[in-house]
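Taken in sequence, the protein lines are chains P and Z.
The first sequence begins at 1 in my numbering and counts up by one.
The second sequence begins at 1 in my numbering and counts up by one.
Source of the hints: derived by calculation from the structure; they are not laboratory data.
Accuracy of the hints is not assured; some may be wrong.
A pair counts as met if it fits within one copy or between any two copies, since identical chains are not told apart.
[Unchecked claim] Simulated pairs of lysine to aspartate or glutamate, EDC-like, Cα-Cα distance not exceeding 16 Å:
1. 314 to 406
2. 91 to 12
3. 143 to 170
4. 91 to 58
5. 19 to 282
6. 339 to 12
7. 339 to 3
8. 161 to 193
9. 330 to 394
10. 338 to 359
11. 230 to 195
12. 339 to 394
13. 9 to 218
Number of protein chains: 2
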Amino acid sequence: MRELYTYEKSRELFARAQKIIPSGIYGHQGPAEGCYMPVEAFPFYSERALGSRFWDVDGNEFLDYMCGYGPNVLGYNDPDVNAAADAQRAKSDCVTAPSPVMVDFADLLVDTVASADWAFFAKNGNDVTTLAVLTARAHTRRKKIVFFRGYYHGVSPWTQKIDYPGILPEEVANNVCLPWNDFQAIEDLFAREGDEVAAVIAQPYMHGNFADNELPAEGFWAHVRALCDKHGAVLIVDDVRAGFRLDLAGSDHYYGFRADLICFCKALANGYNVSALCGRRELMNTVSGISFTGSYWMSAVPFAAGIACIEKMKRLDLCALLRARGEALKTGLIAAGKKYGFDLHVSGELALPYLRIADDPTLSLHQEWIAECVRRGIFFTNHHNHFLNASLTEEDIRQTIDVADEAFAAVRARREA
Amino acid sequence: MRELYTYEKSRELFARAQKIIPSGIYGHQGPAEGCYMPVEAFPFYSERALGSRFWDVDGNEFLDYMCGYGPNVLGYNDPDVNAAADAQRAKSDCVTAPSPVMVDFADLLVDTVASADWAFFAKNGNDVTTLAVLTARAHTRRKKIVFFRGYYHGVSPWTQKIDYPGILPEEVANNVCLPWNDFQAIEDLFAREGDEVAAVIAQPYMHGNFADNELPAEGFWAHVRALCDKHGAVLIVDDVRAGFRLDLAGSDHYYGFRADLICFCKALANGYNVSALCGRRELMNTVSGISFTGSYWMSAVPFAAGIACIEKMKRLDLCALLRARGEALKTGLIAAGKKYGFDLHVSGELALPYLRIADDPTLSLHQEWIAECVRRGIFFTNHHNHFLNASLTEEDIRQTIDVADEAFAAVRARREA
């Protein structure tokens, strides 16, 4: 049996951090929000990272299935991406006049992404989802935005919930939220108020938290696309989370339709800080007219990293690789669960698996199993999809399944004790 | 006489970029918005940068007084900041669990910035001005935000103008805009609707575009501070542009008052991509409750760069250095103008001088002079404040004044021809 990890130094550092950083660690990487309970199983701070692994401040090694919540797509500290970044940095990074590498990166995205006639770069996924919504409203001169239940499109007021702290009702008054995969609901909405809808914004499939992830039903995207076309609404795909892990040409291409605007971030540059809005030629002038910029948006190093990342994803045939690893992981985890009488559901796309033990309405059994995995060096989280990366080996997957097996055994033993 | 620069390669690249990037270069670095007319004098793309200079794609060398619109505070490609960034990157950057360097950076900001009891990190200045406004609204449960005419606080809908493309009237319906330095106007506003004001947000002095920059009138900040205290409104200082160039303890400290929340970005890490919201202990719990995060916000490399940048700014006594260089620049430029009968006004703080030739209502004379400077290798812009950096030498200032002199001569000669 493996010895279970402990986190003394993480806890000490967290105690120090809580005095000078809101929540100690805020947002989706915070122990409360990122992992949900039970936090005692999770490390809080990492010391170093390489390939598919990171080491926490207590020296514990983790096979990491969160990948920094997505950015780590090739493996941490990828040498090819770093080399490109270094070469650019020796020349320039954040300068008064941007580098030609910005144009090269836009060129590469236009060549790579099916729905990209152009590219606009920023820093956060949230920057480009916001630009997309501004563009749709400017283009249509309409107000309403259609969301799907379970959505996450960043943290700007327009995309938050009416009861969230600091949000004004008027900031979200034009949001309409529909159930995912409900053909009739969106048809009814457009029939009723189609001439007021500026945009539909959606992830390529529903990869929300605390719920099995749901792929688009057969024909759903074609239905949404046709309704947007009929009513002159802009179709925005938020590919921040899934982008490049399903299809290097964009997740809309993967599902056989074309977005009007598509938002990228996480996997775009293997962790170097850049996001992108791409879209149809017809919308380019409207984007040009939006007042939208930021201090670091022309930084050249992340552009060079992004080029190297996309080229390497192509060389590796990344999406096929992640599907193969994801299939092996899914099969192995389900089999390990079954051995001990647990029915593990693995939902969503194979490159971004969402895990849930069935027949566990309080989710406590699932959290217990996740905690047993984490304390044995497999970094899963409780109620968020996971992310695979290209540096995961078959041996890594085998190790993961071994640990999962041991974790299921521990949970079962406790149930029978 | 110097040979005037030409920009063939910049133009070719721009023509290519316009097909695949909105506006070719968007936002404040775009030729139209960043420099305003006459764009034919300006380079569009830079190849490399070092210290106080960059070289454009045509090989022209520029002494750069825009500093990437602020981030370049120590000099481009600063070796000390790069060394710290490299050492961190060898360990980790954007990882599932953040690095202890985040806590170290927060510690340093709390030690350095007078109004900082804590620090929250993000990517854009806009991220932290938005978080400040959300915090103020959540804390006060009020809606109204007081701005000062000429303000710029980023690009989120809440801070845009009602007639800007894509902005809804309801998103800016709670904004109140007052004249800067008007004691009575803000007193009247608070008397009338003080119990509805969530926050006053302001730059430490008015450094807007297309207008002489205005320092706070004697007693103005004390007046604003007292009104906020009396009415329970949150005082937000947007120090994104001026931060660390006036006072390493914050521009509020420089002007002798204390902000409740203060926003930093540009000069925080010498171009590495990070921003910070700092503030009073009493607001920390409210910040913890806001839904606010981003994919790259825990990236460790910019934190390490930020620590090295702040430490070096302290070692150099940056603010005194920039004031000295700014004083020499101002004196020299004014004298050069006078020589040819031009009355150059240099306004704002010395580290961020705003230039304008007086008695030039159409601004065309000023633009002509700026163009003559730029085409001789001094990168000024027309109607935006400039930025000094620590790598500027006395010799650089002399070279600048020599060129300015020649440029004034050229403008005068054309007037007399």
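Exercise for review: Report the numbers of all earlier hints that the structure fails to satisfy, in ascending order.
Suggested key: Violated hints (numbers, rising): 1, 2, 6, 7, 8, 12, 13; every other hint is consistent with the structure.
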